[in-house]
Structures are given as C-alpha cells and as structure tokens.
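In order, the protein sequence lines correspond to chains X and U. The numbering of the first sequence is this note's numbering, which starts it at 1 and goes up by one. The numbering of the second sequence is this note's numbering, which starts it at 1 and goes up by one.
Any given hint could turn out to be false.
As the list claims (entries may be wrong) - Using C-beta positions, here's what the derived DEER-type ranges look like:
{"hint": "1", "chain 1": "X", "residue 1": "Glu108", "chain 2": "U", "residue 2": "Gly80", "range": "32 to 42 angstroms"}
{"hint": "2", "chain 1": "U", "residue 1": "His97", "chain 2": "X", "residue 2": "Gln76", "range": "40 to 50 angstroms"}
{"hint": "3", "chain 1": "U", "residue 1": "Arg27", "chain 2": "X", "residue 2": "His41", "range": "29 to 39 angstroms"}
Said to hold, decoys possible - A partial selection of chain U residues facing chain X, derived with a Cβ cut-off under 8 angstroms:
{"hint": "4", "residue": "Glu17"}
{"hint": "5", "residue": "Gly75"}
{"hint": "6", "residue": "Arg104"}
Keep in mind that the hints were calculated from the coordinates and are not lab data. Because the structure is a prediction, the values reported are computed rather than measured. Even for Gly, the Cβ is constructed at its ideal location relative to N, Cα and C.
The chain contents come next:
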Amino acid sequence: MEYKDYYKILGLERGADQAEIKRAYRKLARKYHPDVSSEEHGEEHFKEVNEAYEVLKDPEKRAAYDQLGAGYQSGQDFRPPPGWDEGFEFHGGGYTNADPEAFSDFFESLFGRGGFSQTYGGRQRHQYSAQGENTYARIAIDLEDSYRGGTRQITLKHPTLGANGRPQLRERTLNVKIPKGITGGQQIRLAGQGEPGMGSGGPGDLYLEINFNPHALYHTEGKTVFLDLPLAPWEIALGAKIQVPTPDGPVKMTIPANSANGKKLRLKGRGIPARQAGDMVVVLQTVTPPASTDAQREVYRRFGEAFEFNPRKTIGG
Amino acid sequence: MSGEKFEQVVGVLLDEESEMSLSELCRACGMSAERIMTLVEEGIIEPSRTGAPWRFSGVCVRRVRRVYTLEQDLGVNLAGAALAIELLEEIERLQAHLTRLEERHKG
Numbered sequence: 001m002e003y004k005d006y007y008k009i010l011g012l013e014r015g016a017d018q019a020e021i022k023r024a025y026r027k028l029a030r031k032y033h034p035d036v037s038s039e040e041h042g043e044e045h046f047k048e049v050n051e052a053y054e055v056l057k058d059p060e061k062r063a064a065y066d067q068l069g070a071g072y073q074s075g076q077d078f079r080p081p082p083g084w085d086e087g088f089e090f091h092g093g094g095y096t097n098a099d100p101e102a103f104s105d106f107f108e109s110l111f112g113r114g115g116f117s118q119t120y121g122g123r124q125r126h127q128y129s130a131q132g133e134n135t136y137a138r139i140a141i142d143l144e145d146s147y148r149g150g151t152r153q154i155t156l157k158h159p160t161l162g163a164n165g166r167p168q169l170r171e172r173t174l175n176v177k178i179p180k181g182i183t184g185g186q187q188i189r190l191a192g193q194g195e196p197g198m199g200s201g202g203p204g205d206l207y208l209e210i211n212f213n214p215h216a217l218y219h220t221e222g223k224t225v226f227l228d229l230p231l232a233p234w235e236i237a238l239g240a241k242i243q244v245p246t247p248d249g250p251v252k253m254t255i256p257a258n259s260a261n262g263k264k265l266r267l268k269g270r271g272i273p274a275r276q277a278g279d280m281v282v283v284l285q286t287v288t289p290p291a292s293t294d295a296q297r298e299v300y301r302r303f304g305e306a307f308e309f310n311p312r313k314t315i316g317g
Numbered sequence: 001m002s003g004e005k006f007e008q009v010v011g012v013l014l015d016e017e018s019e020m021s022l023s024e025l026c027r028a029c030g031m032s033a034e035r036i037m038t039l040v041e042e043g044i045i046e047p048s049r050t051g052a053p054w055r056f057s058g059v060c061v062r063r064v065r066r067v068y069t070l071e072q073d074l075g076v077n078l079a080g081a082a083l084a085i086e087l088l089e090e091i092e093r094l095q096a097h098l099t100r101l102e103e104r105h106k107g
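Isolated chain X, as found in the complex (with noise of 0.2 angstroms):
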C-alpha cells in the first residue's frame, strides 16, 4: 500500500503546532468541501484532508505516526514496521466524525477502522437493533434522461461484516430508473437501498441527487431551458418561420419581423416536462456573415447605403 504524507496533505511542516494544524485543515475543509467546492476532484481531496487531520489532530495518533519516521515518500510502498504501534493505544478511541469508510488502507493498516458504524454525513451511533443508516450520493444525467426517463447503472460501496468479522467494503450496482421530469438539484428516494440495518433493523434509503451533465446546446435554470438560436440579419429584420431544436425533438417557430437581438421567445411547456412542465426560453442571436466575394461586398455596401443607421449614436460616435 502506498505511503501517505500526512503534512503534506495539508501543506505542513513536520514540527507543526496543534494550531497550524487545525487552521490548515478549516482552510483546505472549505477549499474542497464537496458541497462548497467548484474544485475538481474536490470530494477526493476533502477525504484526504480529513484523514490526514484525523491522524494529526490526536496527539496521540500524531507520536505514533511520526515515530515511522520521515523517511518516506509520499505514495511510496509501505508496510507497517511490526510492534511499530507498541505502547499506543488508539483503536476505537478518539476519532472525529469524518467518514471511516473514506480512509485509505494506509490508515486503516496503522489505526484501524475506527467507529465502523458511522458513515459520511449520517454520523449517529446505532447499537443493537437499528435501521440502517441513510445514504446519499450524486450522479450525473443528460438533459434528455430528464425529457424522456430513462436507467442509470450505479455503483455502491457498502460496508459489510466478513466472515471473519472484519468490515469489507462490498460493491453492488443498481439500475436505477430516471424519473421524467426531474431537475437539477432534486433527489430521488430510493427506498431500502441505504446501509442494512442491524439486528431487527430495516435497511436505510438511497438518496440520490441528479446534476445536468453540460450540454452542448441547452442550459437550464429549474424547470427552463434555455436555447441560444442563431439568426442571420435578414431573418431577425424580416421575420422567419425556422425550425428550432428542442430536447423533445425540432419545432417549427415564427420569429417575428424586426425582433431585437437578444429578445427572449418562450416555448410554452417545452422546457423540462415536471409535473407542472417547464418553458423552453429561446433567446435570439443575430450573426453576421463575413463578406468575402466581391458580389457579397457589393450588398454590404448597398445595405449600409439603404440605412441611415449610426450604431454608435449613444456612445457620441
């Protein structure tokens, strides 16, 4: 397994005070906290954070981790020196409430797994007989798994007791069906697919939070689309009937006669089909094409000719 550098994780010297150490890790917690961070791979980094502050912030963690010495690189290989954890003792003692499950095997080799039965998030202590705990994931859709349903395969990682009474990590992959209508931010409940409960105890429930992959013409705000529809200077000046792509399929629409560059026209019900659907917003975008022959001069020439337009009277042009 790989080594991990505890300071270095959170930018800090071996020699380090408890106080560095604490504000180090409040400031990278906010940097890549998954619900505050635009970071990339911010989740990852959240967890390694708070595995390294897990091990530094308990003194007792702290000696013992920096008896293995300096001399490893991060990443490099590791096994733990044998009796290296002599005359400490931390399992089960001591750990915060970060998620167990996220650490890494580095961590678990030398601390074990503390506090198996909390979980990211959920964090109460059940005994006994307990319903499972409440689990909570994001997935990634397109635009058009919300127009027409659709299946996603996920993937879970559950934390099971193996036969040896060792917490393992157990994968299971579901087909989960995509609700029509959804948007993003919303969840779906997935009921009994949570952590199993213990003793009499019914399983938790699967939440599921579904986010919009970018898409290459749409964007969204709740339930309304948004399309950007290119327009040539004839057709936003004279008026047209064009043919509009929608999540739904291509409609026909009218764009009236000396429309505004920008001018919003709303597609009633074409936007996300919730219960209650939403609007398509079609915004309208004049383009102007390069005149590159000498004929197509010839018509930009007549054209500025025809008007007597001064774009840039406002600005005392």
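Assemble the complex: chain X is given as a structure, and chain U must be docked to it using the hints.
Using the frame of chain X, we list chain U on its own:
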C-alpha cells in the same frame, strides 16, 4: 451492459410538489424533530403548509443535509451554514448565467 443483470430500482422523486410530514423529513435526514424545528425557526426550511400538521416539500431534504454537513465538516454554526447555503445557491445561479454568456460570446 456486458449482459450482466443488475437489480432494477425505481425511486420516488423529491421535487417541489412532493410532500412529506415532519416525521418523514426527520427519517430522510437522519435528524430529530427538535433539530428540524430549529431549522424552521432559523428560516432555513419552510413548511409548505403552515397550519398543523406541517408538510414539507421534498426539496427540503437536500437543504437540510447540506446545512448539516456544513456544520459538521466545517465547524460553522447554524446561522453560518444557512448563510453559506444562500450564498452557494446564488453562486450556482450566477455561475450558470455566466457560463451561458461565455458560450454565447464564444459562438
């Protein structure tokens, strides 16, 4: 995919129109009724029906969970978490708007 058969599951959509009771919301969020009531008092979530018994919209689950993880993971208090959530929602809105404008100018 690869011919393997996986369990097919159908969920319940938690949208603005779906309704839950206080006890359903407690169960969904893994929280006591007292905690949920504190969140209502702070104005973080609002019952969709104010008369007794309370009904909550399904989107409350995500909000409550977010406040809770922010409190737990970042050590902010309830008012701080509430402020953070409102700012985050505003950033999400602005970010979406910005992306749209940027793409328009790219084209």
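task: Using the Cβ atoms, figure out if U/Arg27 sits within 29 to 39 angstroms of X/His41.
output: The hint (29 to 39 angstroms, Cβ to Cβ) holds, given that U/Arg27 and X/His41 are roughly 32 angstroms apart.
Closest C-beta approach of U/Glu17 to chain X relative to 8 angstroms, hint status: holds (5 angstroms)
query: Do U/His97 and X/Gln76 keep their Cβ atoms within the hinted range of 40 to 50 angstroms?
result: holds (46 angstroms)
- request: Take a look at whether the Cβ-Cβ distance between X/Glu108 and U/Gly80 falls inside 32 to 42 angstroms.
  value: holds (33 angstroms)
- prompt: Does the interface hint hold: is U/Arg104 within less than 8 angstroms of chain X, judged Cβ to Cβ?
  reply: holds (5 angstroms)
message: Please check whether U/Gly75 passes as an interface residue: C-beta within 8 angstroms of a C-beta belonging to chain X.
response: OK, holds: U/Gly75 within 8 angstroms of chain X, min 7 angstroms.
Figure legend: structure checked against the earlier numbered hints; every hint is met.
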